[in-house]
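There are 2 protein chains.
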Amino acid sequence: MTGEFALIDQYFKQPAAQQLIAAGQSVLGIGDDCALLDVPPGMRLAVSKDMLIEHRHFFSNVDPQSLGHKTLAVNLSDLAAMGAKPLGCLLGLGLPQVDDAWLSAFSTGFLDLAMASGCPLIGGDTVKTPNDISLSVTVLGYVPRAQPALLRHAAQVFDDIWVSGELGAADLAYRIRAGLFDLSHMPSGQATSEKVNLNKLSANQLMFETAPIDSTLLDQVNRALDWPTPRLQLGQALLGKAHAAVDISDGLLQDLNHILQASHVGAILYEPLLPVSSALLQVSPEVRQHAILSGGEAYELCFTASQSARLQLSEMAQQIGVQLTRIGQIVEAQGISIFDQDNRLIKPHMFGFDHFSKQSS
Amino acid sequence: MTGEFALIDQYFKQPAAQQLIAAGQSVLGIGDDCALLDVPPGMRLAVSKDMLIEHRHFFSNVDPQSLGHKTLAVNLSDLAAMGAKPLGCLLGLGLPQVDDAWLSAFSTGFLDLAMASGCPLIGGDTVKTPNDISLSVTVLGYVPRAQPALLRHAAQVFDDIWVSGELGAADLAYRIRAGLFDLSHMPSGQATSEKVNLNKLSANQLMFETAPIDSTLLDQVNRALDWPTPRLQLGQALLGKAHAAVDISDGLLQDLNHILQASHVGAILYEPLLPVSSALLQVSPEVRQHAILSGGEAYELCFTASQSARLQLSEMAQQIGVQLTRIGQIVEAQGISIFDQDNRLIKPHMFGFDHFSKQSS
Numbered sequence: 001m002t003g004e005f006a007l008i009d010q011y012f013k014q015p016a017a018q019q020l021i022a023a024g025q026s027v028l029g030i031g032d033d034c035a036l037l038d039v040p041p042g043m044r045l046a047v048s049k050d051m052l053i054e055h056r057h058f059f060s061n062v063d064p065q066s067l068g069h070k071t072l073a074v075n076l077s078d079l080a081a082m083g084a085k086p087l088g089c090l091l092g093l094g095l096p097q098v099d100d101a102w103l104s105a106f107s108t109g110f111l112d113l114a115m116a117s118g119c120p121l122i123g124g125d126t127v128k129t130p131n132d133i134s135l136s137v138t139v140l141g142y143v144p145r146a147q148p149a150l151l152r153h154a155a156q157v158f159d160d161i162w163v164s165g166e167l168g169a170a171d172l173a174y175r176i177r178a179g180l181f182d183l184s185h186m187p188s189g190q191a192t193s194e195k196v197n198l199n200k201l202s203a204n205q206l207m208f209e210t211a212p213i214d215s216t217l218l219d220q221v222n223r224a225l226d227w228p229t230p231r232l233q234l235g236q237a238l239l240g241k242a243h244a245a246v247d248i249s250d251g252l253l254q255d256l257n258h259i260l261q262a263s264h265v266g267a268i269l270y271e272p273l274l275p276v277s278s279a280l281l282q283v284s285p286e287v288r289q290h291a292i293l294s295g296g297e298a299y300e301l302c303f304t305a306s307q308s309a310r311l312q313l314s315e316m317a318q319q320i321g322v323q324l325t326r327i328g329q330i331v332e333a334q335g336i337s338i339f340d341q342d343n344r345l346i347k348p349h350m351f352g353f354d355h356f357s358k359q360s361s
Numbered sequence: 001m002t003g004e005f006a007l008i009d010q011y012f013k014q015p016a017a018q019q020l021i022a023a024g025q026s027v028l029g030i031g032d033d034c035a036l037l038d039v040p041p042g043m044r045l046a047v048s049k050d051m052l053i054e055h056r057h058f059f060s061n062v063d064p065q066s067l068g069h070k071t072l073a074v075n076l077s078d079l080a081a082m083g084a085k086p087l088g089c090l091l092g093l094g095l096p097q098v099d100d101a102w103l104s105a106f107s108t109g110f111l112d113l114a115m116a117s118g119c120p121l122i123g124g125d126t127v128k129t130p131n132d133i134s135l136s137v138t139v140l141g142y143v144p145r146a147q148p149a150l151l152r153h154a155a156q157v158f159d160d161i162w163v164s165g166e167l168g169a170a171d172l173a174y175r176i177r178a179g180l181f182d183l184s185h186m187p188s189g190q191a192t193s194e195k196v197n198l199n200k201l202s203a204n205q206l207m208f209e210t211a212p213i214d215s216t217l218l219d220q221v222n223r224a225l226d227w228p229t230p231r232l233q234l235g236q237a238l239l240g241k242a243h244a245a246v247d248i249s250d251g252l253l254q255d256l257n258h259i260l261q262a263s264h265v266g267a268i269l270y271e272p273l274l275p276v277s278s279a280l281l282q283v284s285p286e287v288r289q290h291a292i293l294s295g296g297e298a299y300e301l302c303f304t305a306s307q308s309a310r311l312q313l314s315e316m317a318q319q320i321g322v323q324l325t326r327i328g329q330i331v332e333a334q335g336i337s338i339f340d341q342d343n344r345l346i347k348p349h350m351f352g353f354d355h356f357s358k359q360s361s
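Going line by line, the protein sequences match chains A and B. If you're matching positions, the first sequence starts at 1 in our numbering and goes up one per residue. If you're matching positions, the second sequence starts at 1 in our numbering and goes up one per residue.
Some hints here could point you the wrong way.
Heads up, the list lumps identical chains together, so a pair's fine if it works in one copy or across two of them.
[Unchecked claim] List of simulated lysine to any residue pairs, SDA-like, C-alpha gap at most 20 Å:
| id | residue 1 | residue 2 |
| --- | --- | --- |
| 1 | Lys128 | Leu52 |
| 2 | Lys128 | Gln318 |
| 3 | Lys128 | His55 |
| 4 | Lys347 | Gly321 |
| 5 | Lys128 | Ala178 |
No wet-lab data here; the hints were simulated from the structure.
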């Protein structure tokens, strides 16, 4: 066997087989026309699919190990938003050429997270592409049949709106890397008048060669963008406690809006309550507001729950070690209203990220 | 909602929802973080994923309706090779731009086959790509837990080797379209000394502007390449009757070899027994042999079964209206030996299609 098959074997098949044995779930993994697996009794299958395309979702010079991690993480995040427990995943890997070092690092990042998440690689496809790297993952998981999953249309008027973790860091990293972030936005002391084309530089170069940028900040925001943590444990713990949930991939407002539209309700958010990444304390209020409200790739969960669930949710958050913050309320009037610390209505300019819209700079 | 979301809604969501209702299988389709569905009691999930990349797996000027059909068909073919019944599918659609006419035709081809196969579209992802169309499908199906699926490692020594339908037509179409086929290979009467760059021409132009090519032949081979029929009914009917099975996507020899390697056995094939597409009777013996033995994209099933199953298989084939042909035997000695009509051993030059190998012309 040569070419693509040897490649699959070398980097994915053997470790994946070990993962299967460790997981004890699947009956047949990579190497046949299909993978075969059993959904545990009393459980319902949950399935989701996300693509990541070079130049569009990641830069060509991205660390391949973090890319492997992130390719699976963004998919697991969809399972988390459903309250589903992972069962297995399939990887479609489209590459313009075979690069051993790249494949070794990418597969390590992917399979390490697969193992850590109990989500063994059970199948996929490897193809040669003419130009760009094209990654496509399908994740399979399960939710109990007896309990409602975390559905977008399940939000109820008077529900609290909650968000996990902190917001904004990944968006800031993206804007710095894409050269969309004018460094003059940095508050005095860290500001520079020079607008550097940062997407030509590696993270290391950024940290060490452009002195005005705080290296701890860069480290923190880069980690948020490159190594997102899917909130799987939280998602499962929310079953029976939360109503509607969504993961924040396109921005808080845009993703919350999916819940609102599906549930035919509206929301009030209180800006001072929003959990801001400490990295954002160093940037201007305008950049901060955009990053928190409309910044993509946070992969935190936004969910709604009855007010009577507050104590239960706080206790659960402590138990599993995830920060949960109440940021607003579901209301009858459609749309999203955001109030600042003086209870004045804010009109945010950007409502997230749309693959087929022009991106604002 | 704008951009990608409107696009999904317009072309895929509404018809997909109708398909879900018609299928009565899924509990939640497109529009949430995951699709939710139930695997019927006593059944085991079968899942497979295949990618199709522009310039690599299809030409840019391919009829989008046939591309939509084929994108799903090649995935359903993997379910067929397992004996699985379809449950649902997910589509990853990477497009460089939004083209209404293209999307309308593509979605029609895709959803028509989904409906006809009882395989509703339950989810997916739409992304903008920088250069090429990138298609990725995951199909879900199920097999009975109580009965062995058609696994590659299940072939037994003395098994008959069978193949469905006829071989070679799709490969000839591909070679004509790619300009790999020297028309001087046509037997006298249809031959031309001119090697035309046919991939610059549409199928219609080929048929009407280059007189030496038989238009009925072209029609037949183009249909085989563009509108493959996944052998779903046959696959399910083979459960309990066949041992090992594979679908022929990369060429008879290469795909049969997957069975042989997994089962640690070898095979003897008899060339005069191979079911030749009538389109190939017009081409030279060399081109014919390559197309039958190593030609890809046939999407017929190759399977092995005990000799005692011959009558049962023939009756079943008649019942479901599929041609089945016995082409050889599983033997202990590893490798594939092919004998011609004079019982002389043939050494075929090419053993199929490998995405990361150089393609022979």
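Query raised in the report: Which earlier hints turn out false for this structure, listed by number in ascending order?
Result: Result: hints 2 and 4 break, sorted rising.
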